[in-house]
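J.: Please model the entire structure based on the sequences and the hints provided.
At position 399 of the sequence shown the residue is numbered 417 (this note's numbering), and the sequence of numbers has no breaks.
Some hints could be false.
What follows is a list of derived Cβ distance ranges for each label pair [said to hold, decoys possible]:
hint, residue 1, residue 2, range
1, 217, 309, 39 to 47 Å
2, 209, 305, 37 to 45 Å
3, 217, 306, 41 to 49 Å
4, 90, 45, 48 to 56 Å
5, 333, 396, 41 to 49 Å
6, 230, 306, 41 to 49 Å
7, 144, 83, 28 to 36 Å
No lab work stands behind these hints: they were computed from the structure.
The beta-carbon is built from N, C-alpha and C at its ideal position, and this holds for glycine as well.
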Amino acid sequence: MIGVRRGGLRSRVALAFGLGALLVSATFAASTYEIARGYLLSQREATVRHHVFADARLVAARLSTTGTRVSDVLVSIDPSAGGALVVHRGDRWFSSSLDVGRDKVPGMLQHDVETGSPSIIRVRVNGEPSVVMGLPLPAPPPTARAYLYEVVSLSELQGTLRVLSTVLAFGAVLTALGGAGLGWWASARVVRPLNHVAGAAAQIAGGQLNTRLAPTTDRDLATIVGSFNSMVDSLQQRIERDTRFVGDVSHELRSPLTTLVASVDVLSGRAEELPPRARTALGLVTAELARFRRLLDNLLELARADAGLDSGSGEPVSLHDLLAHTLTGSGRPVSLLDGDREPVVRGDKSRLERAFVNLLDNADRHGGGVRGVTVRQNGDEALVLVDDTGPGVPAADRERIFERFATGRTARGSSSGTGLGLALVAETIGAHGGAVWCTDRAGGGARFVVSLPREES
19 MIGVRRGGLR SRVALAFGLG ALLVSATFAA STYEIARGYL LSQREATVRH
69 HVFADARLVA ARLSTTGTRV SDVLVSIDPS AGGALVVHRG DRWFSSSLDV
119 GRDKVPGMLQ HDVETGSPSI IRVRVNGEPS VVMGLPLPAP PPTARAYLYE
169 VVSLSELQGT LRVLSTVLAF GAVLTALGGA GLGWWASARV VRPLNHVAGA
219 AAQIAGGQLN TRLAPTTDRD LATIVGSFNS MVDSLQQRIE RDTRFVGDVS
269 HELRSPLTTL VASVDVLSGR AEELPPRART ALGLVTAELA RFRRLLDNLL
319 ELARADAGLD SGSGEPVSLH DLLAHTLTGS GRPVSLLDGD REPVVRGDKS
369 RLERAFVNLL DNADRHGGGV RGVTVRQNGD EALVLVDDTG PGVPAADRER
419 IFERFATGRT ARGSSSGTGL GLALVAETIG AHGGAVWCTD RAGGGARFVV
469 SLPREES
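T.: This is the structure:
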């Protein structure tokens, strides 16, 4: 189980670009800093070494004068490297600064210098990075050996390196942000064809089978575009073929059905002359012929809807007046109708009337009869509530009952329907930009809700 929701494709691509840019820029910044730091330190040490040798020659020259004191020499000399001078002569230590003395000279450096080897070392003196260099001073015998140490602060160089590191870090962050921006832009370019495919697929799923992807000169996308359009062509041809087949079959069945209905009507006119068993059989045939006729009408209507023959924009229709006419025309009392009189929708009046007749017939056939029809307004939507007095629809069946040929258990136990009435309702309402669903009615029974876009009056 994934606990953290993953970001979208564009976010992941932008993040990958940003992290890649950050890795490259950070590596470059670190390498640049280390190279610059090593170069500047080596240059600084070379400068210090040059100045210390010059200072050593000057100190040695002045100490060669008889009676010259070391402290006087150190006070009179301004170190070339800008540091502090420390002289070890005999068993005494002298310094040109009160802050720097024997304790600031590392013992390892003293050992190397006293063995006759000039040495330089980087240490921290008084909390600041510094470089200390020492070398023995030339002195003619029997003069006591003397050693010169110069302590030079590297704080200025450290400040320069700090500025450099800040600039490099800031550059790395800017590069990472630039990489993320580049990734976001590049991913948009990559995802754009996918969005076109998704949009075309959504239009096709909505019934616009003539939708195709525009031709492209991109060699990488040409195969996808061609395959997608070929697939849609095949799908459209198959749907149109199936739709024509259903429509042709339904139409061809009308003639024999009409003949059968006429014959049964003739027999029904003389039903009193028939034996009881024949009258029973005639009643069953009459009921089945009526059911067969409804089935053919619904099949023809669905075939027209699938073929897109009823896709006109329609006209403004008053829902209250339409439902009143529907109730009257189907032999039901107008007193069942209640609610707002204002909602107006745009659509095909005859198709909407057939859809509401199917809802009313469904309530009578499977729901114990129509209890009430209510019209309401809900923002930009107009709602029609059809309530029945039946046992209601189980939650597991509330979506399936709108599928084609959903009879038997999904039709609340009745087998007298065609299984196409509610499917036709869903097709018709969907073609008008609305939706239909089933829920429970307060107090028992089922409630079918039809939502249609409301027309501004």
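J.: Decide, hint by hint, whether the structure agrees.
T.: Status of each hint after checking the structure:
no.	hint	verdict
1	217 with 309: 39 to 47 Å	42 Å, holds
2	209 with 305: 37 to 45 Å	58 Å, violated
3	217 with 306: 41 to 49 Å	47 Å, holds
4	90 with 45: 48 to 56 Å	55 Å, holds
5	333 with 396: 41 to 49 Å	22 Å, violated
6	230 with 306: 41 to 49 Å	45 Å, holds
7	144 with 83: 28 to 36 Å	33 Å, holds
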